[in-house]
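Asker: Take these sequences, add in the hints, and give me the full structure.
Number of protein chains: 2
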Amino acid sequence: MILNRVPDINDINEASLRIMAYVNHTPVLTCKSINAMTGTEIFFKCENFQKVGAFKSRGACNTVFSLTEEEVKNGVATHSSGNHAQALARAALLRNIPAYIVMPENSLKVKIDAVRNYKGIITFCVPTLEARESTLLEVIKKTNALEVHPYDNYSIIAGQATATKELIEQTPPLDFIIAPVGGGGLLAGTALSAHYFSPNTKVIAAEPENANDAYRSFYEGKFVPSINPDTIADGLRTSLGERNYEIIKKHVNQIITVTEDEIIKAMRLIWERMKIIVEPSSAVVLAVIFKNTEAFKGSRVGVIISGGNADLDNLAWK
Amino acid sequence: MILNRVPDINDINEASLRIMAYVNHTPVLTCKSINAMTGTEIFFKCENFQKVGAFKSRGACNTVFSLTEEEVKNGVATHSSGNHAQALARAALLRNIPAYIVMPENSLKVKIDAVRNYKGIITFCVPTLEARESTLLEVIKKTNALEVHPYDNYSIIAGQATATKELIEQTPPLDFIIAPVGGGGLLAGTALSAHYFSPNTKVIAAEPENANDAYRSFYEGKFVPSINPDTIADGLRTSLGERNYEIIKKHVNQIITVTEDEIIKAMRLIWERMKIIVEPSSAVVLAVIFKNTEAFKGSRVGVIISGGNADLDNLAWK
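Residue numbers (the numbering used here), protein chains in the order written: chain H, -5 to 312; chain W, -5 to 312.
Any given hint might turn out to be false.
[Said to hold, decoys possible] Short derived list, chain H residues pointing at chain W, Cβ under 7 Å:
#, residue
1, I(-4)
2, N42
3, I270
Since the hints were made in silico from the structure, they are not lab data. Source: prediction; values computed, not measured. In this text, a Cβ means the ideal position worked out from N, Cα and C, and glycines have one as well.
Answerer: So, in structure tokens, the structure goes:
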């Protein structure tokens, strides 16, 4: 069953066990030179090494494998142009049920191929939110598949929370954990895991200035949707979900925004010094530390590297 | 003292202990999708995560820390435009002795900065081998520093051998180990470690077709120098060293060459699927597997990823 309430500590512990066989227990890396540059001790939880290249595998597996036989008998469905599409198709394939994926017709070929590789059944639509939602409704009407929302969904949140649970288990006590925020699935999960497993750790969200709906919602105290966000951090263009917003209001300490230049600089630094590929959405967390070195100096900071699905044909700094 | 004979098993064991505090014990990664594409089980020994971004740190540390106080009192010297320059400067800084580095004046700024960062004392020269060698002689005459050749040097070879010693300790029994060959320091070390620690493992060298001096020397049975090699694998442009050639003749099973296109394709695949940055010289090892899938099918193959110092401004596939 998809969870119908905020995940508690047992839900996250169960999610960890449930997905263990299907996702990677990703490493935590450190980088001496970046530590020296920032005066902090940074622990990078590397979800770029996760299945399908992003943390999304956690939520998708947790959701698909927590459903009853009855619930999944007609498969699952979603609309997504990105990592959630792949992650859900992969989880469904592992459970041997169909996954119906609505994708905008201008999706990258590499993403379409990846969904097909996991036997996802794709329906294309014009690239607007309305078309995506109405096409998904049609698909569900026809197939009776169960919709799995990419982030505004408590089972997804519990799945994403397992990354921070692991990070906490893999590191000495952390003063801060920084996670990026787009739809808020990862951030809500991060905040819940910190709250349950390391209550003295402050949770900070990192957001592009150019897609600052979470920042505005958080500080204006009311839900502000994202309108035409224009950021290189493609994973963070989505509007905050409602379930996510409620959890974030309660358990996140601060949201810090950064500019496009700061994101690109941080991304290049990670590639160059750590020799790992991270997507722009992941670089925002390091950009936040560079922008606020005084605030973090001398502390231990865990950061969630959300994924590694960067565009290898168009480098951000070129 | 710099070793004056082919390293034996004790020399390599001692090198491992000697450098332990100064270099990273790098991880061995695997990639399910690349395994599926090739039908082999590949173990990537990730020296791109090594200090200064390449295996060169091993040889430089082993050499500098095996010298007596008397031998190092005037420092060490070399000519290099690349990773050996950084690795030697870093090792010297760790031992608190001067490192005199002769660099061609057209060296990349990022390499010059890295050597300076480790307090290397740079002398620039015009970018020819003659100028590099004569300038180095002058520097040594003036300083009485000890020359540390980047590969034609048994202490360097013993240091590089520790990567394969670790790889063998980190993996189930391997059928093959593939290492790239340029000057032959890494390959000679790889071959010796396989010979001592895993004698049933066959050692294969990977070389660019466009810089095939090792291939020709190996199969023509006489030393053939490299003339104007034109390959993207910048670390493999050097001519094979004499000490290296003798070891390779004895302990390497096969040398396989690959084209520039094959190197670039393999490099991109590693970046895309494994989310790690490897330099072109490292991609040749995977290119060799793709070129000979039948020969490797069903076997366990260890490959040495030599480094991660790729040009992030000029992507090979663009």
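Asker: Could you work out which of the previously given hints the structure breaks and list their numbers from low to high?
Answerer: 1
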